[in-house]
Amino acid sequence: MDRPLPTANELDETDLIARLRAGEEQAYETLVRAHSPRMLAVARRFLGDGDDAHDAVQEAFISAFRAMERFEGSARLSTWLHRIVVNAALMKLRSRRRKPEQSIDELLPTFLSDGHQAEPAVPWKPIDALVRREARDLVRHSIDQLPESYRTVILMRDIEELDTAETAEELGVSPGVVKTRLHRARQALRKLLDPQLRGDPE
Amino acid sequence: MTCREFIDFLSAYLDEELGTSRRRVFEDHMGECPECADYLDNYRQTIAMGKLICDPEGELPIDVPEPLIRAILAARSEVG
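Sequences listed follow chains P and Y, in order.
If you use the working numbering, the first sequence corresponds to residues 1 to 202, in order.
If you use the working numbering, the second sequence corresponds to residues 1 to 80, in order.
One thing to keep in mind: the hints can contain errors.
Which stretches of chain P does chain Y cover? Using the computed rule of at least three CB atoms under 8 Å from a CB of chain Y, they are [as the list claims (entries may be wrong)]:
1. 44-57
2. 74-84
3. 114-127
4. 131-137
5. 147-159
6. 181-187
Don't read these hints as lab results, they were simulated from the structure.
Every residue, glycine too, gets a C-beta built ideally from N, C-alpha and C.
All chains, please: the whole structure from these sequences, using the hints.
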């Protein structure tokens with residue numbers, strides 16, 4: 001490639017949208033090259049590194065192409081495409097053969113009969129104490145161990161930063177269910193991270 | 001308030017959804033129980049660490065395989 005393509009931020013979106021609506025092929029290529037890296041990153045967080053993530057990105061773009069006429073200029077293209085790829089990744093997850101989900105119970109805190117924590121929490125090392133890359137790999141690996149319905153909610157709420165109402169709508173559950181699952185997912189993730197992050201030598 | 005109740009209400013506390021009196025009971029427990037204060041810190045750190053995995057520094061640049069880009073553009077021609 002002779003010249004670097006502009007990043008998503010540098011693109012003049014209004015102009016690009018007009019060219020997309022006019023069906024200009026070059027505009028579609030610009031859109032795909034500018035936005036696919038981030039979209040693939042999102043799809044991989046839900047689906048792992050295999051072909052499913054590629055399929056989800058492709059399906060997301062096809063949905064976007066079909067819906068381009070309905071795209072409202074008030075949203076940013078990146079926000080709109082983000083929502084579409086999250087939706088495509090969720091569809092892909094649903095279409096996978098369902099394994100019975102493991103219970104999250106063993107990852108939740110346990111309590112003594114008097115209500116005290118059975119395994120008392122201790123302070124964690126500051127995140128900065130870990131090499132960033134190491135921390136990222138640890139979190140990714142730990143999130144992958146969560147049961148799927150909890151993993152999905154923590155990804156949507158805490159990582160992709162959809163709000164409770166959007167998450168509930170995408171998953172077809174009530175906002176209350178989203179809140180409960182998110183709280184359990186965070187507790188479970190905390191338990192999975194704990195052995196690596198405890199500040200005191202064991 | 002027991003530790004169990006404290007942990008049950010933790011998420012509502014962070015979302016500022018507790019009423020004044022329940023919030024006061026929650027904060028009183030936190031002041032008296034270092035283990036629950038630590039749990040709350042762990043919980044906050046868990047949320048912060050989740051964000052690390054979409055740290056733009058970490059995820060970019062992702063090389064999108066050229067065949068995938070080509071397939072998307074080919075599909076676009078079919079959508080018309």
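Check: Which hint numbers does the structure go against, in order from smallest to largest?
Finding: 2
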